[in-house]
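Colleague: Residue strings, one per chain:
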Amino acid sequence: MGTYITRRLLGMIPMLFFITVAVFLMMHAAPGNAFNSIMNPAIKDPQALIASLEAQNFLNKPLWWQYFHWIGLFVTGNWGFSFAQHAPVIDLVGPAIQNTLILSVMAEIITLAIGIPLGVLQSRKPYSGFDYTTSVVSFILFSVPYFIFAILLIYLFAIHLRIFPAQGAVGTGPNAGSLLDHIYHALLPALSISLVSLAFYSRNTRGSMLEVSRKDYVRTAYAKGLMEGKVFSKHVLRNALIPLITFFGLDIGNLVGGAVILEGLFSYQGMGLLTISAVNNRDYNVIMATTIIFAVAVLLGNLLADILYAVVDPRIRYN
Amino acid sequence: MSAQVSTPNDTNIEVTSRRGRPSKSPTRMAFERFMVNKAAIISTVVLLLIVIMSIAAPLITHVSPTHQFLSSTDTPPGPGHVLGTDQSGFDLFSRDVYGGRVDLLIGFVDTVIVMTIAMVLGGLAGYYGGWIDSLVMRVCDFMFNFPFLLLIIVLSAIFNTTSVWLLILVIGLTGWPGMTRLVRSLFLNLRESEFVLASRMSGAGAFRIIFRHMVPNVMGVMVVQATFAVAGFIAAEAALAVIGFGVKPPTPSWGDVLSNSLGYFTLATEPYAWVPPAALITITILCINFIGDGLRDAFDPSFEA
Chain H
26 MGTYITRRLL GMIPMLFFIT VAVFLMMHAA PGNAFNSIMN PAIKDPQALI
76 ASLEAQNFLN KPLWWQYFHW IGLFVTGNWG FSFAQHAPVI DLVGPAIQNT
126 LILSVMAEII TLAIGIPLGV LQSRKPYSGF DYTTSVVSFI LFSVPYFIFA
176 ILLIYLFAIH LRIFPAQGAV GTGPNAGSLL DHIYHALLPA LSISLVSLAF
226 YSRNTRGSML EVSRKDYVRT AYAKGLMEGK VFSKHVLRNA LIPLITFFGL
276 DIGNLVGGAV ILEGLFSYQG MGLLTISAVN NRDYNVIMAT TIIFAVAVLL
326 GNLLADILYA VVDPRIRYN
Chain S
512 MSAQVSTPND TNIEVTSRRG RPSKSPTRMA FERFMVNKAA IISTVVLLLI
562 VIMSIAAPLI THVSPTHQFL SSTDTPPGPG HVLGTDQSGF DLFSRDVYGG
612 RVDLLIGFVD TVIVMTIAMV LGGLAGYYGG WIDSLVMRVC DFMFNFPFLL
662 LIIVLSAIFN TTSVWLLILV IGLTGWPGMT RLVRSLFLNL RESEFVLASR
712 MSGAGAFRII FRHMVPNVMG VMVVQATFAV AGFIAAEAAL AVIGFGVKPP
762 TPSWGDVLSN SLGYFTLATE PYAWVPPAAL ITITILCINF IGDGLRDAFD
812 PSFEA
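Protein chains in written order, with the numbering used here: chain H, 26 to 344; chain S, 512 to 816.
Calculated directly from the structure, the hints in this document are not laboratory data.
Any given hint might turn out to be false.
[Stated by the list, open to error] For each label pair, taking beta carbons as the anchor points, the in silico distance ranges come out as:
no.	chain 1	residue 1	chain 2	residue 2	range
1	H	Ala-76	S	Thr-577	38 to 44 Å
2	S	Gly-641	H	Arg-33	15 to 21 Å
3	S	Ala-567	H	Ala-54	37 to 43 Å
[What the hints assert, rightly or not] These stretches of chain H come out as covered by chain S in the derived footprint (C-beta under 8 Å, 3 or more residues):
no.	segment
4	43-52
5	158-171
6	285-294
7	320-326
For every residue, glycine included, the Cβ atom is placed at its ideal position computed from N, Cα and C.
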């Protein structure tokens, strides 16, 4: 297992290299840069100012030089300076990751806490009235795009009832920035993600439970006289959760970068919103930093999914 | 063994007609199973109505969706404008009706693009395995991490256009890895099956094995996946529009109409602006998913009609 993990981690390095090169080239292929939009009438010669700012930030050097200059600094922890927000990139990324993690961890908890028990309940009495109703409802929930949910939730809870904020990650006042304030602000976006993905989890849990309960070893367990509850918990549930572990691992990869659209919609100051504004402002250092963070998260999530799979299913061995 | 064609009068003939009815092709059986699924039938009808509405848009409204009525912006529903106008003076009803063209175009064309790429790359990776497989899978991993927002900006600058086809191209170029992985896993399973071995033993080449034997076997799954993909791409268009990377005005699309009405006051006071596009997107996606679900049951031989 140790060698397997090491090999996978080393395999990420060329992947990250190709991703950063591609993003770097694309970024510079996009028209204009962060300084082109300087339009202050008080500045007498904007062209000279733009030229000197470009020179200061090495934008007039050849592209390959800029890339290696940037990556040399990046690996030593110097992630550069944001052109648009006039702050070190690290200082921007830190709070953004924190906000995004609060949002996506909340969404994941709601999803798992409702989705899996719902699927288990459905599979206990398949094709009953309860199973049929909840299956249709979850199919409809699964089909509705999450930004539509988000708009409906904003309309209902933020505009009409006025009990939740329509946008932002932190409020104002004495409690601004506390954990409770964060949770309060993240609840609506988290709910909009959960409504879709809990339908996905309940559908898959139900299918997986039904499949396992038809297995021969379950019949054997009943045949040797085990109690219903014991068969259910020891033999059916544990095996039915194996395929779900994979989805969970993939979710972990998406915790950081999975909510770009919702963050844009809710003006929620997380990684997604940071990326959107950086792309719009040609804020090169921020784009590179968020790209790398997204990529590392996805690659680590995939690795974690594979490891979890081997942990819960002893038949799978990596050597 | 001469009776190839079964007639009702023939009594001692082939197995197929022993039950007293002519044999049906698998496609016909699937079609009949689909036809008893009420949700799928209703969804097909509703989806057809939406498609007809989009194609026949000029017959439904005489108002141009791209004309700005600058003297009457932000008007409520009234005689001249069925659903009023937005803050730029565009007629909302007309944009809702015409908008379906763009959304359905993106959904269908991107599905064709993604399916083609997935069948070719996934098929090659799954059939040959080895280094081809590794290469295709690494490219998939690469594409999963690709920042497509950046790609949209770069491509729109390079081609100096903000047309719908650019968006179609970007969604198509970034949307194929998931489907490719699916095709690959299907081909990996099929490769080991007896009928592929049999055709290889009888001297069939790779081309013949892939296209005559393996592709027809994955077709059922692929049709179902393609249906869900259409819904996914329509949702993607609207999602991109919501964060400002979608179809640009004056081209009408549901996502564009929706994203233009997401200001606080529009959302609070003008439901006629955002409810129709949101409902059209949701209903279209719901219908397509119900059809996909019906197709999945229909293609599943273990499903009893």
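Colleague: Decide, hint by hint, whether the structure agrees.
Modeller: Hints versus structure:
no.	hint	result
1	Ala-76(H) - Thr-577(S): 38 to 44 Å	holds, 40 Å
2	Gly-641(S) - Arg-33(H): 15 to 21 Å	holds, 20 Å
3	Ala-567(S) - Ala-54(H): 37 to 43 Å	holds, 41 Å
4	43-52	holds (count 6)
5	158-171	holds (count 6)
6	285-294	holds (count 4)
7	320-326	holds (count 3)
Checked against the numbered hints above, the structure breaks none of them.
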